[in-house]
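The residues making up each chain are set out below.
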Amino acid sequence: MTKALILNESTEQGILDFLKNLLETRQVRGILTLKKINKNNDVAYSIITDVKELNDAVPFYPLMPVNAGKLLSRFTFRGGPSDPIIAVVKPCELRGFVELIKREQGCFDNLFIISFTCGGVFPQQMSVEKTVEKNLNKYWDSVKKAEISDNIRPACKGCEEFIPYNSDFTVDLIGRNDLDKQSIILINNEKGAELTKNMKGKFSEESLNKEKLEKFRNKREIEKKKLFKEIDEKIKDIDGLIDVFGRCIGCHGCMRVCPICYCNLCEFESSDSEYKPSNYESDLKKRGGIRVPPGTVYYHLGRLSHIGISCVACGLCEDVCPVDIPISIIFKKIGESVQKVFDYIPGKNIDEDIPLMTFEKEELLEFED
Amino acid sequence: MSKPENSIKKNGAILPAKPNLRDAIINLLENSIDKGIFDAILIPMKVPKGDSYVYVLIKDKSLLKDSIPLPPVMAVQGAKAVSSITRLGKGNIKIAAIMRPCEIRATNELSKFSQLDLENITLISIDCPGVIPISDFINDPIKNLKIFDESAEKWDYKPMRPVCQICDKSSMVAGDIHIGILGAKKDTFFIIPNSQKGIDLLDKLEISAKENIDNWKNKIKTISDEKNRKRKKVLKELKSEIGGIDNLTNALGQCINCHNCMSVCPICFCRLCYFDSEKVKHIAEDYLDRADIKGSLRFLPDTTLFHMGRMIHMSMSCVSCGACEDACPVSIPIAQIFSMMADETQGLFDYVSGRSLDEPRPLVTYKEDELHEVEDTND
Amino acid sequence: MNKEDDSMPKILAFLCNWCSYAGADLAGTSRIKYPPSIMPLRVMCSSRVDPLFIIKAYLGGADGVLVAGCHPGDCHYEKGNYYTRRRFAMLKKIFDELGLESDRLLLSWVSASEGHKYANVARDFTEKIKKSGKNPAKKKIFL
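Residue numbers (the working numbering), protein chains in the order written: chain A, 399 to 767; chain B, 121 to 499; chain C, 1167 to 1309.
Note that these hints are calculated values from the structure, not bench results. Computed from a predicted model, the values in this text were never measured in an experiment. Hints are all accurate, no fakes.
Derived pair list, reagent style SDA-like, types lysine to any residue, alpha-carbon separation capped at 20 Å:
id, chain 1, residue 1, chain 2, residue 2
1, A, Lys434, B, Thr369
2, A, Lys738, C, Lys1259
3, C, Lys1304, A, Asn677
4, A, Lys674, C, Leu1218
5, C, Lys1283, A, Glu764
6, A, Lys418, A, Asn596
7, A, Lys434, B, Asn370
8, B, Lys214, A, Leu682
9, B, Lys185, A, Leu682
10, C, Lys1259, A, Met755
11, A, Lys759, C, Arg1214
12, C, Lys1305, B, Pro168
13, B, Lys214, A, Tyr673
14, C, Lys1283, C, Met1205
15, A, Lys683, C, Lys1306
16, B, Lys399, A, Cys661
17, C, Lys1300, A, Arg685
Looking at chain A on its own, in the form it has when it is part of the complex:
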């Protein structure tokens, strides 16, 4: 049981009023959240410092044009702001941020986080085709009934980590058929309690409905197994790997949008990975021919070995891929199997070291000779 603030208005209006209050009382200097940014109603993350701009905010909009964890890292990697700000982010974005904090790429200083039980996001392509608005009602219906929407990102369909860790406030959306009638904001810690102590509204003891959420998680797990099976069928050996990545154009968009990939200069774009003429010549001798530029499979395997341990399966990589490679499910599957070796859930526990940065004196004997 945690304390919760209950407002007698729709959940969406409730969160907007919550944010408005914090800005008006100057308890926060700014708000990071999704917002309609132009007359075309394109939706993007924005930092809002003026209450008027909150009118266009859409905090729970089912889109993720960029991973907000990456944004929080960019905002705080040289230190937190000198005045507090509050951000509304999705669970995987928050987990991505925590993984970045473990890599010294950000901090929670002067940051309040609101997150929510997440029903998934639409692929960005739907925003391009302007079909988001007409699918919104159906989406929210599915969320209210704790069902999986059929046109969300594949990574979202199979996501079992839809309950946020490490947020100061949590809004339960899934399975709540009273979403339009009342707004329940769970206050997870002292920090949150301090911020809300003077707010108008009813305070009471509430909690997440564990049973309902567990039922939903089971549904998601079934979807996940289906998606993983498709990948298993595609990739059984090196030929399968070559087939799946055959149409990769080497744009490295997957790397650039990935929240965990923070390197200024990626290994695979550095001179380390550059082929010299002598490399080409020796490869030609060995193989008779070589794809140019080389290293497509190497790039993906390498990136897996670098970030697989922390992959939060947000699905942005697949959204940005110009040739629709099912990269998010591949990374989710392999990432999860690596994480299982170490019993690790990325972004869950901020005090838990990244498994490759620590060790036990006796372990993993099954991998030795």
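Put chains B and C on the given structure of chain A with help from the hints.
For chains B and C alone, coordinates are given in the frame of chain A:
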């Protein structure tokens, strides 16, 4: 070394396209390997799964039978492939690269930037019917290959990239040798040398280049003029659509800052782009102060700045290939916008990107007496 | 020995300077026989081995990749080999999940005095690799 305009390509060879054009070209390449003229060929091949075509550097002649000089898609811009091979030196093997005219032009530009060494490379271009946008192609590779073949047959650009549809340089000769398809009599094709390397190649292949190529010249001029008219019309419309700060920002409204456009651009060769560097990473206070100006700040900001900055950096060398638009995940008509600007910026100096290796890039040279129209007239 | 024996696998072995390289050296000076399949690559510590090296070797066509270091607890740099073990576990898992013959990768602990053990590891691994045949990545063009 190619020379500007028509000093070399007065005559050419007319060869039989038997059993078909593709096979005839492949035969020529196989001969050149047999005769030791080239050690390897850079040419596209279908990937094993069949859903795309990529450049392969081929030494083993037998692989040539699965290769295709004019694939229906351009997965990687050819200049990037050439640069990948010889950026760090000319190597020890002689290579023939067969690519589309815009890829040849981009290769020439990259040579001016010292991003590749052309000494051991012979550039072969071919009349280009355009390419199909890759996201269309992968939806149904078999169907789209058929669409491509049929459209290429008729030189009908409708299924091709938007910038291909308005490209008036699809037969521009900027390499060492050019394969002319247009204007050729049935079951024949032209081979037109454009440099000493090209002339030497034909000598070694024992192909005489004394035929009259007026049929080709006339046909490509007709097509180029037609495309030019379409180009002017389309770009005029585009200008009014995106002109002005509001229209421009709206056109870029869907941009998610993935930088794919920069990544696939052959001219953007910087290992670490300015817009990915520390210079654009500011502290929290800076962003909050900026947010105060209008009450909110799109985060991350500076989307328009990225595109305009990239334009300023590479517009003078843009070859209007359209790789950027193919790679954009949110369908921004970025190639059309950049192509329009390339006409304007290059037009200032009567420069055509990559037309000739002898032409210096406009921004690294100057005349002492020029461009007074941009100066302040107050004396 | 100039003629290339086509049936002899090519196994790249990352050997740490203080333990396994010395152990390999001891096998040599003691004239212990083992197949000429191993191509040693000396590193100062087994934890110098970036998983990328192993991936590159595998995609480059190496029939096997051996990483050998000091026994856990005996690392010359105190804890390097503990990290090696974790990285190796991760990489083997990645290979397994993608059907990439993770049996071609081996992690072994060989100390400076274990000349015989080094030869045994080399011999046994070579036998195993011979049974797996040549690495199919050798001939791939579209990697």
